[in-house]
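Visitor: Fit chain U to the given chain D structure using the hints.
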Amino acid sequence: MGWLIDPFRYPFMQHALLAAVLIGITCAVLGVYVVQRRMAFIGDAMAHTTLPGLVIAHLWGWNLAVGGLAAAVVTAVGIAWVSRRQQVKEDTAIGVVFTGMFAVGVLLMSRTRSYRDLSHMLFGNVLSVTTQDLYLIAAVALVVLLTLWLFHKELELTSFDPTHAEVIGLRSGLMRLLLLGLLALAVVTGIQAVGVILTNALLVTPAAAAALLTDSFPRRMLAAAILATTCAVVGLVVSYFLQASSGACIVLACTVAFALAGLLTAVTRRTHRAD
Amino acid sequence: MSEPRFPYSRGRHADPVPDALALTTDRLSVCYPGSDRVALRDVSIRAPRGSRVALVGPNGAGKSTLLKAVAGLLPVAAGTIRIYGNPLRACHHRVAYLPQRGDIDWTFPITVSRFVLTGRYVHLGWFRRPRARDWEVVDEVLDRLGLGALSDRQIGRLSGGQQQRALLARALAQEADLLLLDEPLNAVDTETRDVIYTVLAELKAEGKTLIVATHDLGRLADAFDVTIHLQNGFLVEPPENDARDTLVTEGAVWAG
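Same order as they appear, the protein sequences are chains D and U.
For our numbering, add 10 to where a residue sits in the first sequence, where the first one is 1.
For our numbering, add 546 to where a residue sits in the second sequence, where the first one is 1.
Pulled out of the complex, with its shape left as it was, chain D reads as follows (with noise of 0.2 Å):
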């Protein structure tokens, strides 16, 4: 079991074991309603339409996790905004915005001397997370994951019948605006630890394995987070050992997690249906 310990000597992959972690459970957890209220592709337009917030908070100097943020609610109203008399689509409306966004974001790099600084915004570096951003994501975390469990009533029916919902009062509108609020936040922290074009893997990837495996949602919300801590350690480990890109690492554990989780699917299936 050396092997495994050993990389973890480092302060900066302790620091790097505990944000990949803490990312991995908020975006698993809230992923599990991502993945149950098909909103995936609106997850992958928030992270790519950060990428614009980023970039101009490194140029004016403030703190990257800012920028992100507010490019993100600027996504949201612009989205709501272009699709509000249901003249373009919904899914229309995300695909004009984030990708107009995100071609901001690579003029504005592509614009820049310091291009190899910001690279790893595209693909993401945990090994260089700062005691500061640690806070931050541990702030992150605390709020998404407190916020989940106040309202889970609502969420989860909101989720199925918005329609029982609003004849109780209850506006649905207001609990999608709560879910697009929290997944921008747990975009903006899953940016540090896989970068922009990874970032959906990490709010889908877990959740859609652990969706497969039970039928109850919060066990599939406790599954999806063992699954992302698991893969944050294993990826961790692997690119460790590899020299290699950690984002990319960790996200293909969770590819591999999943793979496994269909494959285990699959075979219970089949001896259920052999008895």
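Check the hints yourself; a few may be wrong.
As the list claims (entries may be wrong) - Derived CB-CB ranges, DEER-like: (1) U:771 with D:224: 45 to 53 Å; (2) D:91 with U:673: 30 to 38 Å; (3) D:87 with U:702: 34 to 42 Å; (4) U:681 with D:266: 39 to 47 Å.
As the list claims (entries may be wrong) - Partial pick of chain U residues on the chain D-facing surface, computed with a CB cut under 10 Å: (5) 618; (6) 657; (7) 670; (8) 672; (9) 675.
To be clear, the hints were calculated from the coordinates, so they are not data collected in a lab.
Positions of the beta carbon are idealized from the N, C-alpha and C atoms, including for glycine.
Guide: Quick look at chain U alone, frame taken from chain D:
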């Protein structure tokens, strides 16, 4: 029944006006948002407390529209709706609405008992967790509808008739006084049909008011006090061959 400390919407827990009817609509017109077509025009109905009203008419006649408008799901274009003498949305904990089966995502990972529990949410409001009394109500209505043995099953693994009973169970769990049921008997097995008719009779005995959209014309006479015929969004006279002594006229007045 305790009031929620943080209700989902303010002003939703008004008391009934003494002697007011359970439901009145006065020259009610309703349009669907984003559409110019009037789905319901100048409909006036009066449902006394404890009455059982059947809404009949062909598809697209406005039965669902009327129920949705009373449930507060559609904006009122003209006219008024009064529920126990209060304006719309003033006492919605007293109003339960049973949607058509297609309105719900049955693949959602939730058990039958938790699904029925959502009928209690209007009494809980924000932040309050379900209490022992809420779960008691759930167990009670599940048994009443013959779903007790299926309480831990995921809702998508029920048959169509069982899903229909689960919807009715949820409406009962709300302990509302006015129940709006949209096609509760549509495409159900005979067992479910019998269970639902038994429950409707029990609700009558409990003094609840029922407004039911239905296609099951065969049992109108014994299961309902009054029949309202709708066509193209208008109230219409019952067809000639309907022997029911329903009095439905312009302004639709009948004695309870």
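Visitor: In this structure, is the beta-carbon distance linking residue 91 of chain D and residue 673 of chain U contained in 30 to 38 Å?
Guide: For residue 673 of chain U against residue 91 of chain D, whose Cβ atoms are near 31 Å apart, the range 30 to 38 Å holds.
Visitor: Given residue 675 of chain U as an interface hint, is the shortest Cβ-Cβ distance to chain D below 10 Å?
Guide: 8 Å, holds
Visitor: A range of 34 to 42 Å was offered for this pair. Does it hold for the Cβ distance of residue 87 of chain D and residue 702 of chain U?
Guide: 35 Å, holds
Visitor: Using 10 Å as the Cβ threshold, decide whether residue 657 of chain U counts as touching chain D.
Guide: 8 Å, holds
Visitor: Assuming the hint says 39 to 47 Å, is it satisfied by the Cβ distance from residue 681 of chain U to residue 266 of chain D or not?
Guide: 41 Å, holds
Visitor: Taking the least C-beta to C-beta distance, is residue 618 of chain U closer than 10 Å to chain D?
Guide: Status holds, d = 7 Å.
Visitor: At a threshold of 10 Å, is the proposed contact between residue 670 of chain U and chain D supported by beta-carbon distances?
Guide: 8 Å, holds
Visitor: A range of 45 to 53 Å was offered for this pair. Does it hold for the Cβ distance of residue 771 of chain U and residue 224 of chain D?
Guide: 48 Å, holds
Visitor: Using Cβ atoms only, decide whether residue 672 of chain U comes closer than 10 Å to chain D, and label the hint accordingly.
Guide: 7 Å, holds
Comparing the model with each earlier hint shows no violations; every hint is respected.
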